[in-house]
Amino acid sequence: MLKRRLDRRQIVGIVIMLKNYLKVTLRNLIRHRIYSIISIIGLGVGIACCLLIFLYVQDELSFDTFHTSADRIYRVLQLEEGTADGFAATPNLLAGELKANFPEIEAAVRFDNTQNTVKYQDQSFSESIALTDPEFFSVFSFPLIQGNPQSVLSDPSSVVMTSQMVEKYFPNEDPIGKPISILLGDAFMDFTVSGIIEEAPNNSSIQYSLIISIEHLKQLYPERLLNSWNIILFPTFLQLIPGTSVPEFETKLVDFCDRMFVQQELGFPRRLELQPLTDIHLNPDLGGISVPAANPIYSYILSAIAIAILLIACINFMSLAVGRSSSRAREVGLRKVLGAQRSQLMRQFWGESLLLSVAALILGIVLVEVFMPTFNNLAEKELTFSLFSNQLLIPALIVLTCLTAFVAGIYPALLLSRLMPVDTFRGNTRLGGKNRLIQALVVLQFAISIFLIACTFIIASQINFVRDQQLGYNKDFAITLPTQTDGEEAANLVTRFRYEMTNHPDVIDVAGHAYSFGDSWLYIGYQQGEGTTVLIGEDITSPGYPEQIEGPEGFYYMNWVDEHFIPTMEMNIIKGRNFSEEFPSDKADAVIINQTAAEMFGWDDPIGQQLPGGISEASVIGVVEDFHFYPLHRKIEPLVLHMSRNNFISSYSQIAIRINTEDMSSTLAMLEDVWSDVSNGMPFDYRFLDDRIAGQYAAEFRWRSIVQYSSVFTFLVACLGLFGLTSLAVAKRTREVGIRKVLGASIAGIVTMFSTDFAKLVLIANLIAWPIAYIVMNHWLSDFAYRTNLGITTFLLTGIIALVIAIFTVSIQAIKAAITNPVDSLRYE
1 MLKRRLDRRQ IVGIVIMLKN YLKVTLRNLI RHRIYSIISI IGLGVGIACC
51 LLIFLYVQDE LSFDTFHTSA DRIYRVLQLE EGTADGFAAT PNLLAGELKA
101 NFPEIEAAVR FDNTQNTVKY QDQSFSESIA LTDPEFFSVF SFPLIQGNPQ
151 SVLSDPSSVV MTSQMVEKYF PNEDPIGKPI SILLGDAFMD FTVSGIIEEA
201 PNNSSIQYSL IISIEHLKQL YPERLLNSWN IILFPTFLQL IPGTSVPEFE
251 TKLVDFCDRM FVQQELGFPR RLELQPLTDI HLNPDLGGIS VPAANPIYSY
301 ILSAIAIAIL LIACINFMSL AVGRSSSRAR EVGLRKVLGA QRSQLMRQFW
351 GESLLLSVAA LILGIVLVEV FMPTFNNLAE KELTFSLFSN QLLIPALIVL
401 TCLTAFVAGI YPALLLSRLM PVDTFRGNTR LGGKNRLIQA LVVLQFAISI
451 FLIACTFIIA SQINFVRDQQ LGYNKDFAIT LPTQTDGEEA ANLVTRFRYE
501 MTNHPDVIDV AGHAYSFGDS WLYIGYQQGE GTTVLIGEDI TSPGYPEQIE
551 GPEGFYYMNW VDEHFIPTME MNIIKGRNFS EEFPSDKADA VIINQTAAEM
601 FGWDDPIGQQ LPGGISEASV IGVVEDFHFY PLHRKIEPLV LHMSRNNFIS
651 SYSQIAIRIN TEDMSSTLAM LEDVWSDVSN GMPFDYRFLD DRIAGQYAAE
701 FRWRSIVQYS SVFTFLVACL GLFGLTSLAV AKRTREVGIR KVLGASIAGI
751 VTMFSTDFAK LVLIANLIAW PIAYIVMNHW LSDFAYRTNL GITTFLLTGI
801 IALVIAIFTV SIQAIKAAIT NPVDSLRYE
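Using the numbering used here, read the sequence shown as starting at 1 and increasing by one per residue.
Calculated from the structure, these hints are not laboratory results. Incorrect hints may have been included.
[What the hints assert, rightly or not] Only pairs whose alpha carbons sit at most 27 Å apart, straight line, appear in this in silico DSSO-like list of lysine-lysine: (1) K23 <-> K119; (2) K218 <-> K587; (3) K816 <-> K760; (4) K218 <-> K99; (5) K218 <-> K119.
[What the hints assert, rightly or not] Each pair of labels, with its calculated beta carbon distance range: (6) E199 <-> D690: 30 to 38 Å; (7) T374 <-> I307: 15 to 23 Å; (8) R577 <-> S62: 52 to 60 Å; (9) K168 <-> P505: 32 to 40 Å; (10) A669 <-> S520: 41 to 49 Å; (11) T661 <-> I362: 51 to 59 Å; (12) D174 <-> I307: 47 to 55 Å.
In this text the structure is predicted, and so the values were computed from the model without any measurement. For each residue, glycine too, the CB sits at the ideal point set by N, CA and C.
Working from the sequences, and respecting the hints, build out all of it.
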């Protein structure tokens with residue numbers, strides 16, 4: 001009974017103590033409400049940034065983890081022997097051979113994606129069509145709304161649609177059993193809807209709209225390409241049986257590679273490796289699938305920015321708390337005289353910090369809701385914020401709030417709790433003013449802000465450099481249009497469309513070509529010596545692939561164009577001639593190369609030379625001036641332009657249109673009408689060429705905006721803290737200001753007195769931030785083969801901006817003190 005009473009007394013005492021802590025905390029926050037508001041706003045912004053970045057990073061790390069068997073699904077990589085260079089596309093034959101030779105493989109799935117026209121009744125749209133094996137639905141966890149996963153693609157004429165496609169083509173009716181037509185190659189084929197599938201999640205590397213059987217590859221590729229081990233076309237996925245050791249399995253693949261690659265004398269020695277499905281999204285060197293792979297460095301950058309903003313907010317909190325310490329010194333001394341222990345005082349100050357952090361958390365959640373759409377636009381995500389739908393969010397918020405409270409309150413709590421009562425009553429507490437820690441914290445937060453501002457200017461400078469760079473062709477007033485067909489039908493379509501545009505004043509020229517700017521052009525590797533030639537394949541744009549093969553081997557890129565391509569793009573022939581209808585043999589026996597190809601082949605006089613490697617018997621008839629067919633991240637590569645399409649993968653899949661008009665809307669309407677007539681109603685899915693080029697630098701534009709917003713936030717939070725510190729400095733020197741005014745000091749002199757101290761700190765921050773920004777941005781610019789110069793002007797400009805804003809912030813409070821009546825100043829305290 002006695003123990004129970006003591007327990008009750010203790011509980012009552014704890015409640016009273018906590019109630020007292022809360023009353024004192026609220027009283028102090030209200031008494032110093034300006035500084036409390038500054039701290040809450042700063043911490044709120046920092047917490048909001050951390051929450052947004054947490055959602056972003058969580059989304060990036062969660063890619064493809066939702067599949068039930070994600071830990072057993074791998075993408076097959078084809079690498080060059082002895083190197084880490086390679087590509088994720090594989091030959092069509094590989095999946096079947098692997099499944100037949102390795103019992104460890106539970107299923108092998110090929111997955112190809114193409115953009116084709118879909119027709120239903122009088123509707124016609126361009127859609128993304130996925131071609132895959134029937135095992136696709138058992139390997140990957142994409143739920144079917146209707147249909148049997150085991151048989152939904154067993155009939156080659158079956159098609160599976162997403163629910164969004166169902167709403168588009170069959171609103172308010174059951175689509176199962178309904179017919180649609182899909183353009184494959186140069187003809188439409190009839191399909192029957194056999195299933196409805198849910199849309200792929202946003203964090204899936206595999207995306208689809210319509211899914212058909214892989215059997216229809218023969219409508220898209222010549223048979224010899226499908227049966228060749230030299231042609232890489234699309235990724236192959238393996239699902240291994242449970243318990244399979246991946247290293248042991250990869251060891252067995254060595255013998256398979258020797259047998260299938262080396263013994264068949266297929267050129268480059270190759271090996272196969274397995275890449276976990278969950279590693280694909282964050283491995284940009286090997287590329288993504290339907291969604292471009294992301295560079296994990298961007299997640300690190302965003303995380304660093306969020307931490308920097310939160311750190312600046314914590315620094316402001318600490319600086320303001322230390323600055324206010326003199327006004328609370330007597331309170332601490334009195335509490336100690338009345339018996340308060342140091343641990344109790346520390347809990348008191350930590351309690352204040354925690355309460356501020358909770359208030360900041362509420363503000364941060366509101367800011368996240370407000371700025372989520374803007375952040376999604378910047379990050380190109382579809383993130384949502386819900387406290388209860390995300391099981392990691394609430395623990396993350398609790399940890400973030402407690403950590404923020406601890407970091408922001410640790411130093412003020414230690415500093416104030418160690419004061420001696422005698423010193424507090426005598427006024428011997430020199431905690432503010434010239435405190436070196438406060439000065440170091442101010443320098444740190446401004447160094448972070450200046451660093452981000454410098455990064456913003458340099459990224460903007462590189463984007464301007466890219467935009468103004470001469471590309472070797474005219475990207476303005478040019479339109480690209482997919483033919484959405486293949487073979488001779490594509491060539492005939494280009495000819496018919498050009499004929500209709502011949503006499504139109506607003507159209508200068510029309511050209512057909514296989515690959516447009518912004519696409520992946522065909523990569524061809526060759527090996528001479530024994531006459532062996534290797535056609536590597538399309539879509540080899542991965543940074544991990546070697547830019548040049550050493551030794552006797554070589555490579556070049558290839559595009560198929562007609563005789564109108566070079567004049568339509570306004571390129572320059574510097575040697576020889578262009579393709580011409582006056583030379584019928586050009587369609588089979590002629591190529592045009594760029595300057596880089598002539599240099600790589602070692603030809604002083606390229607005209608009449610035959611391409612090495614035996615890939616073609618065509619001879620060079622002209623040399624075109626070098627132009628950038630890839631982004632400026634990469635140097636100009638060797639290029640061959642060909643007219644013949646009989647022995648390769650592509651045809652005229654694109655039309656380029658050079659227009660000359662200011663009335664763009666009426667010209668586009670005219671082009672759409674003519675296109676509809678000559679193509680029998682195919683969609684007019686045009687794009688301006690300059691938009692395609694700009695799309696190559698979407699990541700740079702996005703990160704310029706992100707860093708720009710971040711620099712603004714960090715600088716605002718830093719200036720809020722500087723405003724608060726200036727207020728404290730002015731309050732501590734109120735009498736001094738009054739005396740100086742009585743002795744004749746001017747307003748400008750008093751403002752200069754306050755500004756000089758803080759200006760010195762900002763200058764020191766510049767000296768710290770500049771070399772760090774130079775090193776970081778020089779590394780970022782190294783990804784560009786063509787880049788802007790890092791001059792001193794950019795850094796001086798950032799320094800001047802930071803200094804001017806800092807002085808302006810300080811001057812607001814300094815002027816207020818300088819114009820105060822000296823009598824009022826001398827009466828202060």
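Does the Cβ pair T661, I362 satisfy 51 to 59 Å? 55 Å, holds
Verify the CB-CB distance for A669 and S520 against the hinted window 41 to 49 Å. Check failed, 32 Å falls outside 41 to 49 Å.
Restraint status (C-alpha distance of K218 to K119 at most 27 Å): 21 Å, holds
Cβ distance range 52 to 60 Å for R577 and S62, holds or violated: 56 Å, holds
What's the verdict on K218 and K99, does the C-alpha distance respect the 27 Å limit or exceed it? Holds. K218 to K99 sits at ~21 Å (cutoff 27 Å).
I want to verify a distance hint. Is the separation of the beta carbons of T374 and I307 within 15 to 23 Å? 20 Å, holds
Just to be careful, I want the Cα atoms of K218 and K587 compared with a cutoff of 27 Å; is the pair within it? 25 Å, holds
Between E199 and D690, is the Cβ distance one that fits in 30 to 38 Å? 32 Å, holds
Holds or violated: are the alpha carbons of K23 and K119 at most 27 Å from each other? Not satisfied, since the Cα-Cα distance of roughly 72 Å exceeds 27 Å.
Pairwise hint evaluation, K760 against K816, where the allowed Cα distance is 27 Å at most: 22 Å, holds
Tell me if the beta carbons of D174 and I307 are separated by a distance inside 47 to 55 Å. With Cβ atoms ~53 Å apart, the hint holds.
Is 32 to 40 Å respected by the C-beta to C-beta distance linking K168 and P505? Given range 32 to 40 Å: holds, Cβ gap about 38 Å.
Violation of the numbered hints given earlier is confined to hints 1, 10; the remaining hints are satisfied by the structure.
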